[in-house]
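Asker: Please construct the entire structure, taking both the sequences and the accompanying hints into account.
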Amino acid sequence: MHKKSITIALAGNPNSGKTTIFNSITGTRQKVGNWPGVTVEKKEGLISKFGYDLKIVDLPGTYSLTPFSIEEIVARDFVLEECPDVVIDIIDASNLERSLYLATQLRETDCKVIFALNMADVALTKGTKINAEKLSELLDLPVVFTVGNKNEGIDTLLTKAIELAGSPAKIQQKRKVKYSKDIENAIVKLQDFIENKVKAKLAYNLRWTAIKLLENDKIVKERILLKAGDKRDELLQEIHALRSHLMDRFNDDPEIVMTDERYGFIAGIIKKTLTSSSQNRVDISRNIDFFLTHRYLGFPIFILFIWAMFQLTFSVGAYPMDWIDRGVNLFATELNNLLPDSVLKDLIVNGIIPGVGSVIIFLPNILILFFCIAVFEDTGYMARAAFLMDRIMHVIGLHGKSFIPMLMGFGCNVPAVVAARTLESEKDRILTILITPFMSCSAKLPIYIVLAGAFFSAKAGTVIFAVYLIGIIVSIVSGRLFRTTLLKGADAPFVMELPPYRAPMISSLLIHMWDRGKIFLKKVGGVILIGSIIIWALSAFPVNIRYSLDYASEIVRVETLYEAEITAAGKFERDVIEKKKDMAIAKLIMARRAEKTEKSFLGKIGKSIAPLFAPLGIDWRGSVALLTGIVAKEIVVSSMGILYAVEKEPDALQSALVKSDITPLSAFSMMLFVLLYLPCIATMGTIWRETGAFKWMLFSVLYSTSLAWIVCFCVYQGGKIIGIN
Amino acid sequence: MLLSEMKEGQSGIISGMSGNGILKRRIREMGFLKGTRVYVEKYAPLKDPLELIVKGYHISLRVEEAAQITVDDVKQDS
Chain A
-17 MHKKSITIAL AGNPNSGKTT IFNSITGTRQ KVGNWPGVTV EKKEGLISKF
33 GYDLKIVDLP GTYSLTPFSI EEIVARDFVL EECPDVVIDI IDASNLERSL
83 YLATQLRETD CKVIFALNMA DVALTKGTKI NAEKLSELLD LPVVFTVGNK
133 NEGIDTLLTK AIELAGSPAK IQQKRKVKYS KDIENAIVKL QDFIENKVKA
183 KLAYNLRWTA IKLLENDKIV KERILLKAGD KRDELLQEIH ALRSHLMDRF
233 NDDPEIVMTD ERYGFIAGII KKTLTSSSQN RVDISRNIDF FLTHRYLGFP
283 IFILFIWAMF QLTFSVGAYP MDWIDRGVNL FATELNNLLP DSVLKDLIVN
333 GIIPGVGSVI IFLPNILILF FCIAVFEDTG YMARAAFLMD RIMHVIGLHG
383 KSFIPMLMGF GCNVPAVVAA RTLESEKDRI LTILITPFMS CSAKLPIYIV
433 LAGAFFSAKA GTVIFAVYLI GIIVSIVSGR LFRTTLLKGA DAPFVMELPP
483 YRAPMISSLL IHMWDRGKIF LKKVGGVILI GSIIIWALSA FPVNIRYSLD
533 YASEIVRVET LYEAEITAAG KFERDVIEKK KDMAIAKLIM ARRAEKTEKS
583 FLGKIGKSIA PLFAPLGIDW RGSVALLTGI VAKEIVVSSM GILYAVEKEP
633 DALQSALVKS DITPLSAFSM MLFVLLYLPC IATMGTIWRE TGAFKWMLFS
683 VLYSTSLAWI VCFCVYQGGK IIGIN
Chain B
62 MLLSEMKEGQ SGIISGMSGN GILKRRIREM GFLKGTRVYV EKYAPLKDPL
112 ELIVKGYHIS LRVEEAAQIT VDDVKQDS
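So the protein lines, in turn, are chains A and B.
Taking the numbering used here, the leading residue of the first sequence gets -17, the next gets one more, and so forth.
Taking the numbering used here, the leading residue of the second sequence gets 62, the next gets one more, and so forth.
Note that these hints are calculated values from the structure, not bench results.
Check the hints yourself; a few may be wrong.
[As the list claims (entries may be wrong)] Derived DSSO-like pairs: lysine-lysine, alpha-carbon spacing no greater than 30 angstroms straight-line:
#  : chain 1 : residue 1 : chain 2 : residue 2
1  : A       : 108       : B       : 116
2  : A       : 132       : A       : 25
3  : B       : 136       : A       : 470
4  : B       : 95        : A       : 163
5  : B       : 116       : A       : 160
6  : A       : 160       : B       : 95
7  : A       : 578       : A       : 327
8  : A       : 158       : B       : 116
9  : B       : 95        : A       : 171
10 : A       : 183       : A       : 203
11 : A       : 111       : B       : 136
12 : B       : 95        : A       : 200
13 : A       : 253       : B       : 116
14 : B       : 68        : A       : 108
15 : B       : 116       : A       : 132
16 : A       : 253       : B       : 136
17 : A       : 111       : B       : 116
18 : A       : 409       : B       : 108
19 : A       : 158       : B       : 68
20 : A       : 254       : B       : 95
21 : B       : 95        : A       : 111
Answerer: What follows is the structure, encoded as structure tokens:
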């Protein structure tokens, strides 16, 4: 026999402890995905309990069901369209009045609702006591006390929810918000009109539909009008007439009046259920905020936290990175020795392993970074950071919270783009994602060091700093540009709760970290794999290259030449000559590699696009190096090493660069190009994923690359005109 | 008086709201109702946004948003 399955949705305000309750119900058996069509995280958990299969769906945290943000639309659509068997509304006991607003809206739908009165212990220390029986009676629904972070009341909550799911439908019709007479009349009139004139079969509760139409809810209106057929215009007129009547009567929009009246209804409940002692207990959060958002101390402390986060991520992360790097190298070497020579081996050893390895290596960084961010979010500090930074970010037309992703961009763009998830408005999120890649990531630094070191010696530090600064300026200018064109519209109201500080739960931090890390591994791993195979293929083929020199026989010739010398030489000189021999052979191998790259498809592409780069002062070798940088920016340096045919040490590359026809001006131009042009494959894949649209990735690629070209053109040509070299 | 003109440590009673529909409705839903007492906890270090206490919880608004709310009975709270 199949067990009965029940769908339970968790609704609640942000910071109500909803995620904690979700985690303690489902443990690790949860699935994180996206809601269809939007980039809002969807969390689900399947568990078996009390003989039932329970599907727990964590709805986005919202303050209301008025469809302003995607989160609210997603939450409301789920409640209305998917009709979960029970909705658990998680109520922060220390915030009862505001929490009840969402509750009244939930009660207006046909759903069976149960209250989880969460963190009543905290509320009690603040002097707030809630009469749960009275509350349950007044709203005609079950109320259960829970303490999410101590796992208390969870089983009772589930038992009650299962009980409620099994109870006959429509049992809870009695206690709903009663509006004032005029509004109730309008509701009834509209209900009649829809029922008798339009005769449309409605998907939703009739009273609820009428209320939403009076509130001028665009989504509901659209859906009803679709069903109204030829009665469409009449219905529109009726709604308009009723609304303007109410507008005259109250001298305000009906939706505003109804919001007020819901709060009036709530005030009545509060009066009967809540007792607060007059004695004001010490508010710990306020004391903490005295320092953390202090006029003078706030910023220094914030900078300290961010600095600590970077230290942890990049210094501590360097150790596991090193282990992974060694592991990958060892693996590649072992495979190299094990497998017989073939194209397949070349693909695996020189294509897939280094390609995927170059991404896996970021995993420790990303996990640590997300752990830190989870700490910021779960403690409540994230909201304070946004509070501090909002004035600055507002200049670009962004929300204070955009600061974190942009700052993280200096480390690595991949986690930075994912971190934009913390932004609630989709426009803010996309805007942040588009300008984050201009924050120069750490992988670009080696390129600057090589180029600036070679051409600006003593002033190298200043030049690199200038490059970083230009990146910041470009992101600000681009941000303003996008805000006034592509992503127009007022930025979302800043209205942001500053929740009380809470001690984070380690399990929740780990779940948070792992969820995001997993996304990184899964999706980006796929893109990187394909990308590195393509780049490998372009550089490995064609196989039969006609070399300008028969390297194999040349190597043999050099070898025999030195062998003869070695046998002739004395004991002491032998070592010296041995070394000379090795160097001569290494030189030949390097030259062969350089020629192979030059004559590969990649080299040919590089040469054919070289005319595009010529006006920027970048030769074909630079062009090829930049192309390989698409896989990962670190590769640019090693590509230059191969192309300028030098040994591995950066000093050798620098002196080779100085000897080539690169000038300080063209080196600077190349640095700017590296700064601005398209992000690496991993970042592109992440942008695609996080914006949910290929077009944004494409836009990012085209915008950044053409901007890079224009900026470098102006700098190089302008520089030449005013006589700089 | 406008809410944005209040100083740290002052409280006042909301008497009205102007401005566009979305903001107006959103802050209503967050509990900014006529007749509700709102307390100015502090301004951010750069003077914008500001932190308020309303209905027992802490919330921040930008100064330009607070400028759309009028308040009466402004007094210095301890």
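Asker: Against this structure, judge whether each hint is valid.
Answerer: Now for the hints, and whether the structure bears them out:
1. A/108 - B/116: holds, 14 angstroms
2. A/132 - A/25: Given that 30 angstroms is the threshold and the Cα spacing comes to 21 angstroms, the pair holds.
3. B/136 - A/470: Violated, because 40 angstroms separates the two Cα atoms, which is more than 30 angstroms.
4. B/95 - A/163: holds, 20 angstroms
5. B/116 - A/160: Holds: residue 116 of chain B and residue 160 of chain A sit about 22 angstroms apart, inside 30 angstroms.
6. A/160 - B/95: Given that 30 angstroms is the threshold and the Cα spacing comes to 20 angstroms, the pair holds.
7. A/578 - A/327: The hint holds at about 18 angstroms.
8. A/158 - B/116: holds, 23 angstroms
9. B/95 - A/171: holds, 29 angstroms
10. A/183 - A/203: Given that 30 angstroms is the threshold and the Cα spacing comes to 14 angstroms, the pair holds.
11. A/111 - B/136: Given pair residue 111 of chain A, residue 136 of chain B holds - Cα atoms ~28 angstroms apart, limit 30 angstroms.
12. B/95 - A/200: holds, 26 angstroms
13. A/253 - B/116: holds, 13 angstroms
14. B/68 - A/108: This hinted pair holds, its Cα atoms lying about 26 angstroms apart.
15. B/116 - A/132: Roughly 27 angstroms separates the two Cα atoms, so the pair holds.
16. A/253 - B/136: holds, 25 angstroms
17. A/111 - B/116: Distance ~15 angstroms between residue 111 of chain A and residue 116 of chain B Cα, so the pair holds.
18. A/409 - B/108: holds, 26 angstroms
19. A/158 - B/68: violated, 40 angstroms
20. A/254 - B/95: holds, 21 angstroms
21. B/95 - A/111: holds, 26 angstroms
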